[in-house]
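Protein sequence lines, in the order shown, are assigned to chains A and B.
Numbering-wise, the working numbering puts 27 at position 27 of the first sequence, and it's gapless, one number per residue.
Numbering-wise, the working numbering puts 1045 at position 45 of the second sequence, and it's gapless, one number per residue.
Among the clues, some could well be false.
Stated by the list, open to error - Below, simulated EDC-like cross-link-like pairs (lysine to aspartate or glutamate); rule was C-alpha separation at most 20 Å, straight line: (1) A:K100 x B:E1097; (2) A:K100 x B:D1073; (3) A:K100 x B:D1099; (4) A:K100 x B:E1030; (5) A:K58 x B:E1097; (6) A:K100 x B:E1072.
What the hints assert, rightly or not - With the C-beta cut set under 7 Å, the calculated list includes, among others, these residues of chain A facing chain B: (7) G43; (8) L46; (9) T51; (10) S94; (11) F99; (12) G104; (13) A105.
If you are wondering where the hints come from, they were derived from the structure by calculation, not from laboratory data.
Beta carbons: idealized from backbone N, C-alpha and C, even for Gly.
The residues making up each chain are set out below.
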Amino acid sequence: AQSVTQLGSHVSVSEGALVLLRCNYSSSVPPYLFWYVQYPNQGLQLLLKYTSAATLVKGINGFEAEFKKSETSFHLTKPSAHMSDAAEYFCAVSYTGGFKTIFGAGTRLFVKA
Amino acid sequence: NAGVTQTPKFQVLKTGQSMTLQCAQDMNHEYMSWYRQDPGMGLRLIHYSVGAGITDQGEVPNGYNVSRSTTEDFPLRLLSAAPSQTSVYFCASSSLEWDSGANVLTFGAGSRLTVL
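For reference, chain B alone in the conformation it holds in the complex (with noise of 0.2 Å):
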C-alpha cells in the first residue's frame, strides 16, 4: 500500500517556467488537498477537492491550478513560477472518519520547489 505519492522530490525551475507537481493516492480517499511549507509559517493550504471534478481554494491559491479529473490523482500547476513559489509541497488525502467523523490526514513525502 503505497499511501500518498508525490513526483518529484526535487525540482529547480527558472522565473516564468511551468510545471505540475504530481499526487497520486491508492486509499480511495475522496477528499485531497495541497499545502506549502514555509519556514514559520506552518502550512498553508492552497487548493483542497472533495471529490471527482470539485475543487476549491485555500488560503494561498494565487499562482497555481489543480484538476481532480480521478479519486486518484491531484496534480498542482504552476503556470508561470515565480521566486515566492520556493517553498515545499505537501499533498494529503483523507476520508472523514466513520466512528468520529474527524478528518486524518495522510501526507506525501514532499516535493521541494526552488525558483530562481
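Only chain A is shown next, with the shape it has when bound in the complex (with noise of 0.2 Å):
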C-alpha cells in the first residue's frame, strides 16, 4: 500500500532563506510523486511531479525537488523564499497505471519578512 509521510506540519523561514519541506513515501511499485500547492481559501494546484523521467524535477515559481529512491524521499527545496511562498504544501503519491492518488497531511510555510 501507498502513504506519505510530511515530516513537520509548520516551517517558519526568513524571506530569501532556504525552504525545505520533507516528504517520505512507502510504495511497493515504482512510484509517480507529487507536490501540489494550496494558497489560503483555494483549491490544490502542481506544483511539480516525479514520473522517472529525471531524478532531479524543476517546478513552478522556483521549486525543485530530488527524488531519491535509496532513501524514499522527495524533499522540496527552494533556495530563496519569498513571501509569496507562504502557503500549504502536500506531498502525494500515486502508481504505475493506476489513478488513486494519497496525500501526506501536508506541511505549512511561514515565511517572516
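Fit the two chains together into the complex; they arrive one by one in their own frames, and the hints show the way.
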C-alpha cells in the first residue's frame, strides 16, 4: 500500500532563506510523486511531479525536488523564499497505471519578512 | 475553460439533514474523485470513479454516496449529516498523461461544510 509522510506540520523561514519541506513515501511498486500547493482559500494546484524521467525535478515558482530511491524521499526545496510562497504544501503518491492518489498531511510554510 | 466546478462553496446543515455536493468538469477526464480536508490530516480520499458507471471507495467512505452517470458529473451525497462530516471537500479530475502515465489532478475550489 502507498503512503506519504511529511515531516513537520509547520515550517517557518525568513524571506531569502532556503526552503526545505520533507516528504518520505512508501510504495511497493515504482511510484509517481507529486507536490501540490494550496494558497489560502483556494484549491490545490500542481507544483511539480516525478515520473521517472529525471530524479531532479523542477517546478513552478523556482521550486525543485529530488527523488532518492535509497532514502524513499522526495523533498521539496527552493533556494530563496519569497513572501508569496506562504501556503500549504502537500506531497502525494500514485502508482503506474493507477488513478488513486494518496496525500500526506501537509506542511504549512510561513515566510517572515 | 472552466475546469472543475464545485457547488455550493459554503453550506451549513443540521445533524440528520441530507445534501448533495455537486462537481462538474469540462475536460473530458476519465477519473474523478472526492477528498475531504481536515486540519493536520491532509486530504483523505472518500470515493473515486474511473469512468461513467464505475465508482469505488477510498479511505473514508462511510456516510457518503456517489454515482457517475456521465463523464462530466460526480456528485457526493450525504444522506444523514453528522458533526464529524464538518470539513472542506474537494473534487478533482484527471486523465493519465499520455507521455508519462502520471495522474495529475485538477482540483475544484472546494466546498466548506458545517454540520451543527
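Status of the hints after comparison with the structure:
At most 20 Å may separate the alpha-carbon atoms for a hinted pair to count; K100 of chain A and E1097 of chain B meet this at roughly 14 Å. This hinted pair checks out: K100 of chain A and D1073 of chain B have alpha carbons roughly 18 Å apart, not beyond 20 Å. Restraint check: the Cα-Cα separation between K100 of chain A and D1099 of chain B comes to about 18 Å, which is no more than 20 Å; the hinted pair holds. Simply put, K100 of chain A and E1030 of chain B have alpha-carbon atoms about 12 Å apart, close enough for the 20 Å limit, and the pair holds.
A hinted pair counts as satisfied when its Cα atoms are at most 20 Å apart, and K58 of chain A with E1097 of chain B qualifies at roughly 18 Å. Between K100 of chain A and E1072 of chain B, the direct Cα distance comes to roughly 18 Å. Compliance with the 20 Å bound is thereby established for this hinted pair. At about 4 Å, the closest approach between the beta carbon of G43 of chain A and any beta carbon in chain B falls short of 7 Å, and the interface hint on this residue holds. For the restraint placing L46 of chain A at the interface with chain B, the shortest Cβ-Cβ distance is roughly 6 Å, inside the 7 Å limit, so the hint holds.
Annotation: T51 of chain A was flagged as interfacial toward chain B, and the flag holds, the nearest CB pair being 4 Å apart, inside 7 Å. With its C-beta approaching chain B no nearer than about 5 Å, S94 of chain A sits inside the 7 Å limit, and its interface hint holds. With a least beta-carbon distance of about 4 Å to chain B, the hint placing F99 of chain A at the interface is held under the 7 Å criterion. For G104 of chain A, the interface hint holds, the least distance from its beta-carbon to any beta-carbon of chain B being 5 Å, beneath 7 Å.
Of the supplied interface hints, the one on A105 of chain A holds, with its beta-carbon coming within about 4 Å of a beta-carbon of chain B, less than 7 Å.
Violated hints are absent here; each numbered hint is respected by the structure.
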